[in-house]
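Here is what each chain is made of, one letter per residue.
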Amino acid sequence: MATSAAIPERDIQDWTNAVTKLDSKTLAKWATLFCSVVLIAILSHKMAPRVEPWTFVVEVPQTPIRGDLELRSEVITPPHEPDFVHGASVVATPTGLLALWYRAVYEGAGNAELVSSSFDGSRWSPTNVVTNSGRVSRDIGLTIKSLANPVPFRRSDNEIWLFFSASRLSGWATCEVMLMRSHDNGLTWGAAERLYTSPFLNMSHLTKSPPVLLSGGRIGLPVYQELNRKFPVMLVLNEDGHVIDRRRMGHGGTVGYQPSIVVTGETTAVAFVRRLKSSSPQKILVSRTRDGGQSWSRPAPIDLPNPGGPISAIRYDDTHILLAFNDDPEAERDIKLAFSDLEGKNPRRVGMIAHINDADPDDAVMYPYLIASQPGQFDVVYSRPAKAIDHVRISSAWVQHSLQTQSAQR
Amino acid sequence: MMPTIDFLLDRSSAALIVFMAVATMSGIVAKTATARAAAGIGGLVIALLITISKRSIFDWAVSAVERPSAPGLLLLVVFAISATTWRSYRLVPEFRFGTGMLVLGGLLLYPGGVGFLNYDTYVLGYSGYLLPMLLAAILVYAVYRHYFLVVLALNLGILGFLLSAGRSLNLWDYVIDPVAWFFAIGAWLAIAPGLLSRKLAAAPSLAN
Numbered sequence: 001m002a003t004s005a006a007i008p009e010r011d012i013q014d015w016t017n018a019v020t021k022l023d024s025k026t027l028a029k030w031a032t033l034f035c036s037v038v039l040i041a042i043l044s045h046k047m048a049p050r051v052e053p054w055t056f057v058v059e060v061p062q063t064p065i066r067g068d069l070e071l072r073s074e075v076i077t078p079p080h081e082p083d084f085v086h087g088a089s090v091v092a093t094p095t096g097l098l099a100l101w102y103r104a105v106y107e108g109a110g111n112a113e114l115v116s117s118s119f120d121g122s123r124w125s126p127t128n129v130v131t132n133s134g135r136v137s138r139d140i141g142l143t144i145k146s147l148a149n150p151v152p153f154r155r156s157d158n159e160i161w162l163f164f165s166a167s168r169l170s171g172w173a174t175c176e177v178m179l180m181r182s183h184d185n186g187l188t189w190g191a192a193e194r195l196y197t198s199p200f201l202n203m204s205h206l207t208k209s210p211p212v213l214l215s216g217g218r219i220g221l222p223v224y225q226e227l228n229r230k231f232p233v234m235l236v237l238n239e240d241g242h243v244i245d246r247r248r249m250g251h252g253g254t255v256g257y258q259p260s261i262v263v264t265g266e267t268t269a270v271a272f273v274r275r276l277k278s279s280s281p282q283k284i285l286v287s288r289t290r291d292g293g294q295s296w297s298r299p300a301p302i303d304l305p306n307p308g309g310p311i312s313a314i315r316y317d318d319t320h321i322l323l324a325f326n327d328d329p330e331a332e333r334d335i336k337l338a339f340s341d342l343e344g345k346n347p348r349r350v351g352m353i354a355h356i357n358d359a360d361p362d363d364a365v366m367y368p369y370l371i372a373s374q375p376g377q378f379d380v381v382y383s384r385p386a387k388a389i390d391h392v393r394i395s396s397a398w399v400q401h402s403l404q405t406q407s408a409q410r
Numbered sequence: 001m002m003p004t005i006d007f008l009l010d011r012s013s014a015a016l017i018v019f020m021a022v023a024t025m026s027g028i029v030a031k032t033a034t035a036r037a038a039a040g041i042g043g044l045v046i047a048l049l050i051t052i053s054k055r056s057i058f059d060w061a062v063s064a065v066e067r068p069s070a071p072g073l074l075l076l077v078v079f080a081i082s083a084t085t086w087r088s089y090r091l092v093p094e095f096r097f098g099t100g101m102l103v104l105g106g107l108l109l110y111p112g113g114v115g116f117l118n119y120d121t122y123v124l125g126y127s128g129y130l131l132p133m134l135l136a137a138i139l140v141y142a143v144y145r146h147y148f149l150v151v152l153a154l155n156l157g158i159l160g161f162l163l164s165a166g167r168s169l170n171l172w173d174y175v176i177d178p179v180a181w182f183f184a185i186g187a188w189l190a191i192a193p194g195l196l197s198r199k200l201a202a203a204p205s206l207a208n
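Protein chains in written order, with the working numbering: chain A, 1 to 410; chain B, 1 to 208.
The hints are simulated quantities; they were obtained by calculation from the structure and are not laboratory data.
Every beta carbon over 12 Å from chain A, so not counted as near; a handful from chain B, in silico:
no., residue
1, K31
2, I81
3, G194
Example chain A residues on the side facing chain B (calculated, C-beta under 8 Å, incomplete):
no., residue
4, S44
5, G110
6, R194
7, Y196
8, S198
9, P199
10, N202
11, R229
12, F231
13, V243
14, I244
15, G252
Which stretches of chain B does chain A cover? Using the computed rule of at least three CB atoms under 8 Å from a CB of chain A, they are:
no., region
16, 2–13
17, 47–56
18, 64–70
19, 119–130
20, 159–170
Note that CB positions come from ideal geometry on N, CA and C, so glycine has one too.
Please build the complete structure, drawing on both the sequences and the hints.
So this is what it looks like as structure tokens:
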């Protein structure tokens, strides 16, 4: 008490000021440090890799030999379609089929539309606009230019998810992936949602082929990067349709694009990859995974030609993959079906399902999209540049008959 | 509420870029901060009114640049203030640290994320401890050096990710964006020569 009384009042004031100043500075420092530590702790907890690595859901289709020995084909689009139509896809519905494609004044033009048509087993309905550039712009709050490559995915008995690409500026390299949902088998569609797939302005990922099911209700959506260098990617979506992971396919480098994934086991799958126009050999490429899609091998050519067009592949039975492809290294002059084993090897042609009109030098048959709509029944939709979308129905009886005919000829 | 915030966030990068571009260019004739700010706002209005292919210039910019991350938004605000006041932040250590971290973060993320490299670093933002630990290290250093704006920006980004406030489920998208990266590179292109010349000037005197 006597000591403090001896300290001059000015010194006490200086000391008090210094302590106050130190306290506020230190307090701020410790407060921000505390907040940061708490946030990092919660962040680390949230990002802990506690979820089991995904595996593929294996669906081995039963393929009884049934159906017509003749192919059945129709033009889906109206006669004298004035607009550019391309990127067709199809999904089975309780009443038949639902085909979807995109339509615009020219490829990549603004005010594009995604349109659909349903098939009741005998005829295709008039086209119905699913959405267009304006509606997607309103849905997402950003102006987009064009739409492309609708890919339907059956999520449940009545629910169809529709993935598609939307370009924000000019050119497909500015595309991002969108998702729309229908809860009534494609009669009506909800608002478009954006999938976040890329760190670079969420640009330059496009759809082409249908997703595969993963464990835990997750979905593997094959897409591809367009900007800089084209390469295939598998996006992993959660049950709600949000991207929760992604895996680059093809082991790096410039390797091709538009992968079509076929699941062959819980941890194994093959992806048929479209070659780049500039690459050689002019053959279909195949990338494989043995760890549930965590890593994919460098695409290797198989003994089927590829003019630089997409391939559509599905599981046929317990030992075969069925693929639709252009059987020409130079041009998309025909579409054939072929079998391969579950490694994507030992391809064997089944037969031709579409061919160009030889009298028309500009004709081509492009972008086949193959599905198994029923056991032993297959449907392919494809485009003719650029004014028509066609459909071919193939039966397992035709497939087997074609194979037997070839064997007999040999 | 969220649609409004989304709407504003989606347009914030484009608005700030147009504003700072016009404000900077107006510096040739506009001598006061008020005049440059007015020019920036005028530029925004013009960008909204002029249309190219049925879309306003501003809409094109919005579609091109996406929404910013939290640090990216802060950096653009700093640049907008700088364009208006003509005050340079190049010598401010916190600015140099923040932009330096963005440059390094972008170098870590984008070459792999867009396919220049074979390893995809974007996946580090979905799960795992590596990215949180990197952020922790940056935060600790920033707190130690009293870089409270850097801490604030990073913490806001992390909080946004934890609350799933954005549309992405990837942590990277909350702490860095390409626009911020390009601006940070630009800042360091201006900072580096001065820093280098000072180091070189200091070297002989140290030797003596």
